[in-house]
Amino acid sequence: MTASIDIRDVAKTFGHGARAIHALEGANLTIRPNEFVTFVGASGCGKSTLLRMIGGLESLSRGSIAVNGQPIGGPGVDRAMVFQHYSLYPWLTVADNVRFCRQLKAHTRDRTSADVEKAAGRADALIRLMGLSHVAHAYPSQLSGGMQQRVAIARALMSRPPILLMDEPFGALDAQTREVMHDLIRHVHRIEGSTIVFVTHDVEEAIYLGQRIVLMAPRPGRIDTLYDVPLPTERHQDMKLAPAFLALKRAILERIRETSGMKTDLEQLARLNADAAATAME
Amino acid sequence: MSASKRARGSGGSLWQIRAAIDPRQYWLLALAGLVAPLVVWLAASHLDGIDKVFLPGPADVLTRIWSWASDDDLTADVAISTWRVVAGWALSAAIALPLGLFIGSYRAVQALLEPLTDFIRYMPAVAFIPLVMLWVGIEEGSKVAIIFIGTFFQMVLMIAEDVRRVPLAQIEAAQTMGATRGEILEKVIVPFAKPALLDTLRVTMGWAWTYLVVAELVAANSGLGYAVLKAQRFLQTDKIFAGILLIGLIGLLIDQSFRLIHRKAFPYLAGRQR
Ligand SMILES: Nc1ncnc2c1ncn2[C@@H]1O[C@H](COP(=O)(O)OP(=O)(O)OP(=O)(O)O)[C@@H](O)[C@H]1O
Ligand SMILES: [Mg+2]
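In order, the protein sequences belong to chains A and B. Just so we're aligned, residue 1318 is where the first sequence starts under this note's numbering, counting upward by one. Just so we're aligned, residue 4 is where the second sequence starts under this note's numbering, counting upward by one.
Bound-form chain A, shown alone (with noise of 0.2 Å):
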């Protein structure tokens, strides 16, 4: 299952008048049907808003987002959510965990005994693929911060969604745990087929995860530039020392730091260290 987006002149604005924030000023974009998108850019340039936009969970203040040729209004099924962290259920089990969205009538209309089996068996082939069989019946505070990941992104996957959001997800994980995640989250791509819309900060993560890569830029928050990955779909992580990916890293990491304000606080820091060396002369 898949599904294209299509995002017109969206903006977004927190609060008013004076105190306005203009989180997103007219962002245009257009995902194809299992396209794998990520999102980069300096903290506070509405990626995270952005990605609930298309979510359903934060309201547009003008332009509108469209699935497939039909604008959302509100979360929706066709469109998963993974969040950085926090929202697994403590008491449920993995496996239930996994299990929620069986618990809802949304995906329990019309259901025949086929149904049900063929549920129970994705649960069980998601647990699997995740790496999750030994600790089916623990409880998430018992697993390391991967672990609960997993049990995430399996969740949001056992409704087929054709979309699926994430927000830095590994954002909290160590590097190794992070690369294996990498893979598996590829893995998925191309196996469920779903389109894949990704936030990070992490611009060599975007380039090894992404088939596109979105860059945006703060104050006010808006689509910057586009980059497609000159990489071919199947990845590995020697790619990483690739000149090509390597170029691309370097263009993103400068742009990134042309729109996001930073030279300003150099300036700041080398006056603050002339005021210390003069006040240590005296």
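Wrong hints could be hidden among the right ones.
Reference listing, derived: stretches of chain A covered by chain B, where coverage requires no fewer than 3 residues with Cβ under 8 Å from a Cβ of chain B [what the hints assert, rightly or not]:
(1) 1397 to 1408
(2) 1413 to 1421
Just a sample of chain A residues kept apart from chain B, beta carbon distances all over 12 Å, derived [as the list claims (entries may be wrong)]:
(3) Ile1324
(4) Thr1347
(5) Glu1496
(6) Gly1510
(7) Leu1543
(8) Met1556
(9) Ala1561
(10) Glu1571
(11) Ala1594
Distance windows between CB atoms, simulated [unchecked claim]:
(12) B:Glu143 x A:Ile1338: 57 to 65 Å
(13) B:Thr213 x A:Gly1438: 36 to 44 Å
(14) B:Ala111 x A:Asp1555: 50 to 58 Å
(15) A:Met1556 x B:Pro170: 53 to 61 Å
(16) B:Thr213 x A:Met1318: 54 to 62 Å
(17) B:Arg266 x A:Thr1550: 48 to 56 Å
(18) A:Ser1381 x B:Pro170: 24 to 32 Å
(19) A:Thr1550 x B:Pro194: 39 to 47 Å
(20) A:Ala1442 x B:Ala35: 51 to 59 Å
(21) B:Trp86 x A:Gln1420: 34 to 42 Å
(22) A:Leu1501 x B:Met126: 56 to 64 Å
(23) B:Val89 x A:Gln1420: 28 to 36 Å
(24) A:Pro1547 x B:Ala111: 47 to 55 Å
(25) A:Gly1462 x B:Arg266: 22 to 30 Å
These are calculated hints, taken from the structure and not from any lab test. From a predicted model like this one, the values you see are computed outputs, not experimental measurements. Using N, Cα and C, we set each Cβ at its ideal position, and we do this for glycine too.
For chain A, the structure is supplied; the task is to place chain B with the ligands on it using the hints.
Chain B with the ligands only, in chain A's frame:
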């Protein structure tokens, strides 16, 4: 840190902040905490020049409890007081649970009711006695009403707070899975809040007991609180002690039962360091 030092593990460092200690040490310390005041009391009551009317010893109090049970109707007093407390508290809970759930889940309900509740809860329950006598009368209902007034408003606010502690990500995850509002309340908010709600019920049960004496100020002729008040009139200090101790003991028993239920009902919280 050396391996041997770490190996001593949980029992090793009693003064490490929030570190676990082993259960045997826990119970020993709890026992010491309960026995020490008893010893101090015993010693103080044996000091020269201390009048029994001023400070009766533990033995006097035990004797009094014994005669209360054999000559008077201790069981009836305990039963009626327990009934009043539990009834007032249960009535509070029955209304506060749904109300708190709505205040905690919907900002509009919060805006409508929370400031009002905040305002009322600062009013002293004792001051309501004349009104309660006027409105409810002087029958059993009035005692239950006082306990209700003493616990309800705090309880609503605590329950609303428990409900608000559900992480937004858990609610939003359910939304993106297509959960309806009713399903989010039933399958996310309530199950998440359950342990905290049980704790709130336990704590407010304690408060309900502290209002017992106040409640039994109202035209009562039975009950532990009433017995304490009557003993005061006849300067039976040992009976005052007996009544207070019995109330404390019942409170302790109820509190421990709540804790036991908590441990049994929420196995997923076991071993979690918070
Ligand atoms: N609920 C909100 N109320 C007010 N302002 C908000 C709200 N959510 C986000 N903002 C503001 O909107 C801007 C964009 O926020 P957003 O979280 O989308 O950025 P981001 O790119 O995801 O940043 P980060 O990399 O730090 O996660 C920020 O200035 C933020 O302070
Ligand atoms: Mg963000």
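Hints versus structure:
1. 1397 to 1408: holds (count 11)
2. 1413 to 1421: holds (count 4)
3. Ile1324: Holds: least Cβ distance 18 Å, greater than 12 Å.
4. Thr1347: holds (22 Å)
5. Glu1496: holds (25 Å)
6. Gly1510: At roughly 19 Å from the nearest Cβ of chain B, glycine 1510 of chain A sits farther out than 12 Å, so the non-interface label holds.
7. Leu1543: At roughly 26 Å from the nearest Cβ of chain B, leucine 1543 of chain A sits farther out than 12 Å, so the non-interface label holds.
8. Met1556: Fine: 32 Å to the nearest Cβ keeps methionine 1556 of chain A off the interface.
9. Ala1561: The assertion about alanine 1561 of chain A holds, with a minimum of 35 Å to chain B.
10. Glu1571: Non-interface label stands for glutamate 1571 of chain A: nearest chain B Cβ at 33 Å, farther than 12 Å.
11. Ala1594: holds (40 Å)
12. B:Glu143 x A:Ile1338: 57 to 65 Å: Check passed, 58 Å falls within 57 to 65 Å.
13. B:Thr213 x A:Gly1438: 36 to 44 Å: Hint violated: Cβ distance 57 Å, outside 36 to 44 Å.
14. B:Ala111 x A:Asp1555: 50 to 58 Å: Distance hint for alanine 111 of chain B, aspartate 1555 of chain A holds at roughly 56 Å.
15. A:Met1556 x B:Pro170: 53 to 61 Å: violated (36 Å)
16. B:Thr213 x A:Met1318: 54 to 62 Å: At roughly 60 Å between Cβ atoms, methionine 1318 of chain A and threonine 213 of chain B fall inside 54 to 62 Å, so the hint holds.
17. B:Arg266 x A:Thr1550: 48 to 56 Å: The hint (48 to 56 Å, Cβ to Cβ) holds, given that arginine 266 of chain B and threonine 1550 of chain A are roughly 52 Å apart.
18. A:Ser1381 x B:Pro170: 24 to 32 Å: holds (30 Å)
19. A:Thr1550 x B:Pro194: 39 to 47 Å: Because 42 Å falls inside the window, the suggested range holds.
20. A:Ala1442 x B:Ala35: 51 to 59 Å: holds (56 Å)
21. B:Trp86 x A:Gln1420: 34 to 42 Å: Since the Cβ atoms of tryptophan 86 of chain B and glutamine 1420 of chain A sit about 39 Å apart, the hinted range of 34 to 42 Å holds.
22. A:Leu1501 x B:Met126: 56 to 64 Å: Since leucine 1501 of chain A and methionine 126 of chain B have Cβ atoms about 59 Å apart, the given range 56 to 64 Å holds.
23. B:Val89 x A:Gln1420: 28 to 36 Å: holds (34 Å)
24. A:Pro1547 x B:Ala111: 47 to 55 Å: holds (52 Å)
25. A:Gly1462 x B:Arg266: 22 to 30 Å: About 26 Å separates the Cβ atoms of glycine 1462 of chain A and arginine 266 of chain B, which means 22 to 30 Å holds.
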